[in-house]
Every structure is written in C-alpha cells, then in structure tokens.
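Given the coordinates of chain A, work out where chain B should sit on it, guided by the hints.
Take a look at the letters that make up each chain.
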Amino acid sequence: MIRIAIFDYGAGNIFSLKSALKRNGANVSVINDFNDVIENLDGLILPGVGNFDPALLSVYKCKKKFLNYIEKNIPILGICLGMEMLFEKSEEGNLEGLKIIKGEVVSLPKSLIKIPHIGWNNLEIVNEKSKLFEGIPNNSWVYFVHSYYTVPEEINIITARTNYGISIPACIEKNNIFCTQFHPEKSSEIGERMMKNFIKICTQSK
Amino acid sequence: MPVAKRIIPCLDVNKGRVVKGINFKELKDAGNPAILAKRYSEEGADELVFLDITAAEEHREIMKNIVKKVASVINIPFTVGGGIKKLEDARNILLSGADRVSINTAAVINPDLIQELMSIFGRQCIVVALDVSRNYGKGGKNIFSKDGKNYWFEIKTYGGKKSTLIDALEWAKKVEKLGAGEILLTSIDADGTENGYDIELLNAICNRINIPVIASGGCGSKEDILKVFEKTQVDAALAASLFHFRRASLNEVKEYLHKNNIIIRL
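Top line first, the protein sequences correspond to chains A and B.
Residue 23 in my numbering sits at position 23 of the first sequence, and the numbers go up by one each step.
Residue 254 in my numbering sits at position 254 of the second sequence, and the numbers go up by one each step.
The shape of chain A in the complex, shown without the other chains (with noise of 0.2 Å):
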C-alpha cells in the first residue's frame, strides 16, 4: 500500500484530503514534526489551508528532515498555501519561504477583482504531458479558494493556468514536486482524478 503523509500546520480542515486519500487506496498519516515521521514514505502532502507565518513556524521547526525529503525525490504535493510556502517569500508573510522554487508569491491585484478568488475555474494546461492530468481535459472546472498567488522565476515549471482578472499559474512541476492553486480535495470528480493521479506517481516513485 502507497504511504502518504499529510503536514498538519494546526490551522485548518485536512479531513477532507485524508477522506480523499484514503477513498482513492493511500494509507494516510496525519504529522505535525518531520523528526518523528514513518520509514518508507511514498508521498508528502503539503495541505492549503492556514496562513503563510503560522504554516511556516510548524515546518522551520524541523526544516532539515524536510528538505531530506526533497533531496530522496519522494513526490510532493503542495496545494495553495502549501504550493506558496515553497517559494522564496510571500506579501502574506512577513517570514522567509522555503526557498524550493525560485519566486514569490504576491497579492491579487485588488483593483481589478474581488479578493479572496473563492470558487470554480477553467484550468488551462499548458503541459499536457504532466503526469498530474492525465484524464484531465483541458478546461476542466477546479475550485479556488486563495488571496496570494505564485510568481516563479522559470515559466516552464507551470503546466496550467487559470484566469482572474488575470492569467495566475494554476499548476506547477518541478523535479517530483506538484503544485496546484486549487483545491483537489474539494473539485469534485475532477479533483478526485488528480488525487488519483499523485498516488500513482507516488506508485511508480517507489
């Protein structure tokens, strides 16, 4: 059975994604410290709810476990705040990022558009052959529910965008690290898929 562990920062519904996980075949544990973490993990989940500071103190407190998983390629998953947390810093925070990606993440522009971006929107792939969509057609309805979005330095990391007010990475991939702007967990059959399709690629990471 594929071992998938979710990073609970303490501040938000995981529930959902541990319900999601654990109906799609994944044994799922719940940590809050990477020092006392299970042998053999298959994945790692950086779940999207919370705020940038609070998240990140849980994470610094074992910041070097952490990046040994980055270093044995175990895939990742990052989702919203989750995502931003890798970048380099965020206007959300007044702390530094985990600095994976090269980037930041900054506000929606307030002028143009409501804030927060809260609900369902077209994902449009550019990189169809990420291993995340497959099944996924192009335009397919995913749920938003964020403030902050990503700026990274290299383009060709994001595989899908999504529009508004203006065009915000939606996805991102690098090395065996995913990231989505949206939430999986809560984009019904859609997300389901994509669930589906990181713990397959935990399934042949293994």
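Simulated from the structure, these hints should not be mistaken for laboratory data.
Beta carbons: idealized from backbone N, C-alpha and C, even for Gly.
Treat the hints with care, as some may be off.
As the list claims (entries may be wrong) - List time: in silico DSS-like cross-link candidates among lysine-lysine, alpha-carbon distance up to 25 Å:
1) Lys-38(B) x Lys-196(A)
2) Lys-22(A) x Lys-38(B)
3) Lys-65(A) x Lys-89(A)
4) Lys-196(A) x Lys-69(B)
5) Lys-69(B) x Lys-22(A)
6) Lys-61(A) x Lys-89(A)
7) Lys-149(B) x Lys-162(B)
8) Lys-206(A) x Lys-174(A)
9) Lys-110(A) x Lys-177(B)
What the hints assert, rightly or not - Negatives, chain A to chain B, calculated, CB over 10 Å:
10) Phe-34
11) Asn-73
12) Ser-205
Claimed, not checked - Pulled from the structure, derived: some chain B residues nowhere near chain A, Cβ distances all over 12 Å:
13) Arg-6
14) Lys-28
15) Ile-53
16) Arg-91
17) Asn-110
18) Asp-112
19) Glu-170
20) Asn-203
21) Glu-230
22) Asn-260
Coordinates of chain B only, in the frame set by chain A:
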C-alpha cells in the same frame, strides 16, 4: 473564462435534522444532512452551507459529528455556521472537516473575533453572515426610500430575533476591514417568501465592499437566481426550499443559467 457563479444549497440544521422555516419561523422537516449533502454534491452543487439554527451548547457535539459525516461523503467545499462564539468553536468545526466557518452574532458582540480567526486560519476560511431587515425608524446612517417611506438596513442577531441598531452597510465595510473573506447576506424581509432575492439590499452592500457576497433569502425559482446574477454583482446564490422540496433540480437551474449566458460550472 472568469470565475463561475456558484449555486449553493443551504441546509438549516436543527437537532441533527435539516429543516426549513418561513421568515425564520415555522420549521418543517426536510431530511438527513449527510444524505442531502451527497445528493446535492452529485447533482452539481458548487458548495454547501450548513447553518446550525439551534446551536445550543448541548448540540455542539451533534453538529461536529454531522460535519464529519458530511466531509467524508462529499468532495466539494462546505461552510458551517451557527453558534460559533469563540476560536475553539471554529477550530472544532474546521478540524471536523468544514472548509469555512460562518459567524454572525458572535462577530457583532465581539468584532475582534473576525481578526483573530483570520490571523490563524486565513481570510478565506471566514464567512461573516449578515441577517438584515429594513428599519423604518431612526438610527441608521444610510437612508433609503420607497413609496414615500424612509428606511435603513439593520443588522439582526440571534437568528433574526434581536435588534442591534447597527447599519448593515457600515457593518459590511467594517467586517471586510477586520478580515472577513466573504459575506453571506440574508434578507430577513425576503427570507422564506419565495418572491425573489432582495435586489435593493444586495446592490447596496455589493457596491460598498470588495469581497465576494453570497445572496440569500427569498429564492423561489430558477428565474429568481437568473435575476440576482443579472441585476447584482453577487458571486453566489444560496437557496434552500427550492432544492429540498425538489421544485427544481440543481442541473435544471444550472442549464437554465448557462443558456442565459451566466458563467456556470456544468
């Protein structure tokens, strides 16, 4: 394409059952929360809202269990409100599987709660519910008039029962500033009448804030939903009896909106 307009079935929960009343009174039984949630999710609901309308202390555990059950059977977002008084209440509901919490009375009594919740859970987790009715007396800042009568929009608390003398338009601006991620705007005057949403109230609020607004109260048909999206800047339409009593299916409503050029998830 920009963000789709959301259709949100609302489930009022009383002692573990879904109920529906008229003008916040006369409760009728409308079913089991988890079963209704699953049905709506499969039929294409974009989101769900649960309001614990009793929210007495002894029902807190019942609600927690309902949230868990609902979260394990659906894969769309849902919001839970009713009786959330403090940080711990919100945390319990969120950790049981809700995506967002909605606060009303507690925010009026203690506005700092909005900021406190926002700093821990993030703005997107916090919905502030405004229950509003027209007040024909004195006290409001923003005066409207119709048929020779002057009135203003007043915030009500405790399920619409208690007067606060707070002007809804001023309150909306304040909750946005304090960190609300969305406003769930219910017109008590329109609620349960099924005569259509309160367009005047919705416009008055939408014009003053820059966070999303969910329209609530008064929906009796798919035409009412089309009208609210055509005549106001609201982001979502909430309806209860329309769906509970199967007067229209979610699919039927969404097809109808799509045909009328409203951006909708199909």
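Checked hints:
no. : hint                    : result
1   : Lys-38(B) x Lys-196(A)  : holds (20 Å)
2   : Lys-22(A) x Lys-38(B)   : holds (18 Å)
3   : Lys-65(A) x Lys-89(A)   : holds (21 Å)
4   : Lys-196(A) x Lys-69(B)  : holds (22 Å)
5   : Lys-69(B) x Lys-22(A)   : holds (15 Å)
6   : Lys-61(A) x Lys-89(A)   : holds (18 Å)
7   : Lys-149(B) x Lys-162(B) : holds (23 Å)
8   : Lys-206(A) x Lys-174(A) : holds (18 Å)
9   : Lys-110(A) x Lys-177(B) : holds (13 Å)
10  : Phe-34                  : holds (21 Å)
11  : Asn-73                  : holds (29 Å)
12  : Ser-205                 : holds (25 Å)
13  : Arg-6                   : violated (5 Å)
14  : Lys-28                  : holds (30 Å)
15  : Ile-53                  : holds (22 Å)
16  : Arg-91                  : violated (8 Å)
17  : Asn-110                 : holds (20 Å)
18  : Asp-112                 : holds (16 Å)
19  : Glu-170                 : holds (20 Å)
20  : Asn-203                 : holds (15 Å)
21  : Glu-230                 : holds (18 Å)
22  : Asn-260                 : holds (18 Å)
Hints 13, 16 from the list above are not met by this structure, while the remaining hints are.
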